[in-house]
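Peer 1: Just so you know, the sequences run in chain order A and B.
For the record, in the first sequence the residue sitting at position 17 is 34 according to our numbering, with numbers rising by one throughout.
For the record, in the second sequence the residue sitting at position 5 is 22 according to our numbering, with numbers rising by one throughout.
No lab work stands behind these hints, which were simulated from the structure alone.
A few of these clues could be false.
Identical copies look the same in the list; a pair holds intra-copy or inter-copy alike.
[Stated by the list, open to error] Calculated lysine to aspartate or glutamate pairs in the EDC-like style (CA-CA distance at most 20 Å, straight line): (1) Lys149 / Asp58; (2) Lys149 / Asp159; (3) Lys149 / Asp52; (4) Lys149 / Asp218; (5) Lys149 / Glu188; (6) Lys149 / Asp41; (7) Lys149 / Asp77; (8) Lys149 / Glu222; (9) Lys149 / Glu93; (10) Lys149 / Asp192; (11) Lys149 / Asp165.
Remember, predicted model here, so these are calculated numbers, not experimental data.
Number of protein chains: 2
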Amino acid sequence: MLTLFGNLDSGNVHKVQTILHARDIPFRRVDVRQDRGQPRDPRFLALNPMGKVPAVRFEDGDVLSDSGALLFHFAEGTGLWPTDRRRQAEVLRWMFFEQYSHEPALAVLRYLMRFAPDPAVQTDRIAELTQKARFVLGVLDDRLATQDWIADAVPTIADLALYPYTRLAGEIGLDPGAWPALSRWLTRVESLPWHLPVYTDAATELIPFEAYFGSVA
Amino acid sequence: MLTLFGNLDSGNVHKVQTILHARDIPFRRVDVRQDRGQPRDPRFLALNPMGKVPAVRFEDGDVLSDSGALLFHFAEGTGLWPTDRRRQAEVLRWMFFEQYSHEPALAVLRYLMRFAPDPAVQTDRIAELTQKARFVLGVLDDRLATQDWIADAVPTIADLALYPYTRLAGEIGLDPGAWPALSRWLTRVESLPWHLPVYTDAATELIPFEAYFGSVA
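Pulled out of the complex, with its shape left as it was, chain A reads as follows:
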């Protein structure tokens, strides 16, 4: 069985949970939490030197990390990855946009507002990131004003990639309702038969970090 490393708070982990759920691939999950510094624990780094979740260990021991690479890998043979090269490039374009512009604004802002020890000292950073978050949500809203799905005429892994942190924008004071086309798209994603709500676990088994990695000598 596949092993997914990650936690329920991470939108990047949610993407991988969703595609595994969509494809009916059973997996167990090892809880790896940023708020405990576990992605930089030497035992986890031995598995994924990038020090990030999500990561997946296949049954043969092979490890693949990065939400985008994992979405791509598990989309093989499904309609979530187009067959035409130009359309594939468009999917990647929006996935890179998510990782480079969208997630670093929305997810970092969420981290600062929810988990940072003293958000008050981060006022400038929060203002800067809020401005960036509004820009990227506006880009998506404009895009979705003329098409139902972000990168193609049908849902693709670009929609899965952009979903969780957009859905969670309310947590950082940016109600998606302010962007009408974006709100309709959220509802559309949530109507997909294999949709997985945020904060929901699709794993068949949950393994605590220490139970999986064992104690350090």
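With the hints as your guide, set chain B onto chain A.
Peer 2: Frame of chain A, contents of chain B only:
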């Protein structure tokens, strides 16, 4: 002829210049400069709503942006993109690592140290980014200690993606010589027959921003 939008200071633009040069695809370049705010100029946003360079306009008027998506697009049919799905996912893994972890440390640090109006007020941010930059360069050095190319047994677009900001690390006080395997890899990339040095233009024609977009009413 293709039109590439971007400037010579941007490592992300350099990646696209390199693959066009490697494939002997002629192109003209419209100079779009971050230090003049041109990527957020309404005339450029009409072309690429993401407000980023590089972007490419094809002869039929179709526009594709994002360095990763463009590398993917132009790698079609070359050995720079593997045929096996798992190996393709590995290439994307390192390309996402570059855009999510490597570039936001190295390129943003370079921007703050070279172009920001008052780097002195950014002391904390510079310290934080320097620590992140050392971590990602260490990840690459470890990886390259056991293999010649970053994602596969042969050069791929992941090497092209990771090259420019790694080569430019000296500009931010991080001499690549401190990471021996990484230094040998830089030399290896620079020995490829179609290598394009940073700050080098492969375009057949350079068009100033205002000349291309015309004046605003």
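Peer 1: Is it within, between, both, or neither for Lys149 and Asp165, if the alpha carbons may be no more than 20 Å apart?
Peer 2: Classified as neither; 24 Å inside a copy, 38 Å across copies.
Peer 1: Classify it for me, Lys149 with Glu93: is the Cα-Cα distance of at most 20 Å met within a copy, between copies, both or neither?
Peer 2: neither (33 Å within a copy, 33 Å between copies)
Peer 1: With identical chains, the pair Lys149 and Asp218 could be close in the same copy or across copies; at 20 Å between alpha carbons, which is it: within, between, both, or neither?
Peer 2: Close neither inside one copy (30 Å) nor across copies (31 Å); limit 20 Å.
Peer 1: Could you figure out if Lys149 and Asp41 sit no more than 20 Å apart (CA to CA) within one copy, between two copies, both or neither?
Peer 2: Intra 36 Å, inter 37 Å, cutoff 20 Å: neither.
Peer 1: Classify it for me, Lys149 with Glu222: is the Cα-Cα distance of at most 20 Å met within a copy, between copies, both or neither?
Peer 2: neither (38 Å within a copy, 34 Å between copies)
Peer 1: At most 20 Å between C-alpha atoms: does Lys149 with Asp77 qualify within a copy, between copies, both, or neither?
Peer 2: neither (42 Å within a copy, 32 Å between copies)
Peer 1: For Lys149 vs Asp52, is the C-alpha pair at or below 20 Å within one copy, between two copies, both, or neither?
Peer 2: For Lys149 and Asp52, only the inter-copy Cα distance (18 Å) is at most 20 Å; the intra-copy one is 24 Å.
Peer 1: For Lys149 vs Asp192, is the C-alpha pair at or below 20 Å within one copy, between two copies, both, or neither?
Peer 2: within (15 Å within a copy, 32 Å between copies)
Peer 1: As a check of your reading, is Lys149 near Asp58 (CA-CA no more than 20 Å) within one copy, between copies, both or neither?
Peer 2: For Lys149 and Asp58, only the inter-copy Cα distance (16 Å) is at most 20 Å; the intra-copy one is 31 Å.
Peer 1: If the cutoff is 20 Å on CA atoms, where do Lys149 and Asp159 land: within, between, both or neither? Let me know, please.
Peer 2: Within one copy, since 15 Å is at most 20 Å while 34 Å is not.
Peer 1: For Lys149 vs Glu188, is the C-alpha pair at or below 20 Å within one copy, between two copies, both, or neither?
Peer 2: Classified as within: same-chain Cα gap 16 Å, cross-chain 27 Å, threshold 20 Å.
Hints 4, 6, 7, 8, 9, 11 from the list above are not met by this structure, while the remaining hints are.
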